[in-house]
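For the record, the sequence lines run as chains A and B. Note that the numbering used here gives residue 516 to position 235 of the first sequence, counting from 1, and the numbers run on in steps of one. Note that the numbering used here gives residue 528 to position 100 of the second sequence, counting from 1, and the numbers run on in steps of one.
Think of the hints as simulated: they come from the structure by calculation, not from any bench.
Heads up, simulated EDC-like pairs for lysine to aspartate or glutamate below, C-alpha to C-alpha not over 20 Å straight-line:
| hint | chain 1 | residue 1 | chain 2 | residue 2 |
| --- | --- | --- | --- | --- |
| 1 | A | LYS527 | A | ASP486 |
| 2 | A | LYS527 | A | GLU335 |
| 3 | B | LYS543 | A | GLU283 |
| 4 | B | LYS543 | A | GLU364 |
| 5 | B | LYS572 | A | GLU366 |
| 6 | B | LYS572 | B | GLU522 |
| 7 | B | LYS724 | B | GLU672 |
| 8 | B | LYS724 | B | GLU667 |
| 9 | B | LYS706 | B | GLU727 |
| 10 | B | LYS572 | A | GLU364 |
| 11 | B | LYS706 | B | ASP722 |
| 12 | A | LYS527 | A | GLU420 |
What you are looking at is a predicted structure, and each value in this text was computed from that prediction instead of being measured.
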Amino acid sequence: MELTQVLTVARKELRDRLRNRWVLAVALVFTAFALVIAYAGGAQQGAVGLRSIEATIASLTSLVIYLIPLIALLLGFDAIVGERERGSLDLLLALPITRLELLLGKYLGLAAALALSTLAGFGLVALLLGAQVGPRALEPYAGFMASAVLLGLAFLSLAVMLSVLAGERTRASGMAIALWFFFVLVFDLLLLGLLVATGGQFGGDALAYLLLLNPADVFRILNVFSLEEMRNTFGLATLVPTALGKPWLMALVMLGWIAAPLAVATWRFRP
Amino acid sequence: MESRNGPGADAPVIALRGVAKHYGAVRAVDGVDLDVRRGEVFGLIGHNGAGKSTLFKMMLGLVTPSAGEIRIDGAPVAGRGARAVRRRIGYLPENVVLYDNLSGMETLRFFARLKGVPLAQCAPVLERVGLGHAAGRAVREYSKGMRQRLGFAQALLGRPQVLFLDEPTNGLDPEAIRAFYATLRGLREEGVTMILTSHVLAELQERVDRLAILAAGRVQALGSVQALREHVALPLRLEVSVDEHGADAVQGAVRGLPLEGAHWRGAQLHARCPRDAKMRVLAVLASLGGAVLDLKVHEPSLEDVFFGFAD
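With the rest of the complex left out, here is chain A (with noise of 0.2 Å):
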């Protein structure tokens, strides 16, 4: 493998990312909400106004954990079948550079787009926040964002999957909602159904461990479960085994969430 094929796909995607001010938008869009919730998130409470950085962080989870999937599915099924469909795809494999270098390179370029973009909107409002509550309570909102990116990371990869075994764009997007809302809707609800059909006898550790089936819902976990504030606030720690608890063992899992799709993909994506 070459790198420098991969840079120069990823580089050219990036830069039309940033042309079309996708990059822009988005970052705009994520600001907008962030700022909106960390001032107004409390208002069923009863208050406005800075809350702890805690509540804040459980408030914009539940937000970007409909928010990214959908973006970053967005942003990915269109990388190969568009591609394919206007008649470009035979000229880039045409070229020296081999499938996986094309598919990484778009991978990497798309990637760098919304981990900018997630970045940059959510960075805004830590600096807002830091001026208020200081710098050192920042570090959980820190890991917020940096499992935020992983988040869209692992949905892009989805993305891309899909737009490998896709044969048309149109059936690319429909698949791509299908799968939003199988994952960020259904999901929970399949498990939730599960525990109940079963009257609570499927359930403990081993539910606990099927939410790590679904990367929204280990990006909750990540934020939710892993909270000091969280687990203690809401008896949590009684409930989920401690493994889950561990943000680095939830991180690597969410690198196999981004890994497992572009395998898919590579292996599907032969002439």
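Dock chain B against the given chain A, drawing on the hints supplied.
Chain B alone, transformed into the frame defined by chain A:
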């Protein structure tokens, strides 16, 4: 230059042996043997579904053959050596849509990087295809003809020895087509081997050294335009303009000649003439002196040849 005079000078640049591609029961390409010689302009002709684009994609290593072998300059087009082969070829796909947000120059620089070509080559190549003035403009503002020329420009990067051009003039206006073929002539003089497809047969007819006619996944005919015409032995068409007093003399003279379908349209005699009788017929008509005012002999067009085979 060495290879052109050396022992391998006559070796084909592109060699196909028993190449086939089956999709289930469908035989898209069904046992093709083909040699494209160094420096020639080679045409590939066929109806939609004749297997033309599948064959083209297999030559580029984009589609893996079900059977057979394809080599460019002796090296297999797929597998380990593919990267080296691809550095020596240029490809212009049919109706390619490039990246709207990049400028013409940025597009070329992207392809130059992927091809490992010095970026300094981009400006001269843009000039060569007549896009020097639009180098800094975004591709979204390009006309269809300009987009096609930009696609052609990326194919020329790195001075490829072999150019694959798929329906290169599709959708271009006549002026752009003329300019395109002028560039092709220049490349031919530089010794570049070119293989192109077109469905506008009249256009290819004057511009290829040899061509292959593809139907039902097989090469039905292969050779120069002239050789193909002779091979199918389509009769020539005669058109004789006759002086108003000479009609009887002409009618009498041609009675003994092997003409087919002779009929009059006003003062003109139309007939089909077998190729081997051409000189005899001309001699008889010339001997009639003033009775014959004018004489036209039409060669069958490539379309006639094409439909003679492909249908």
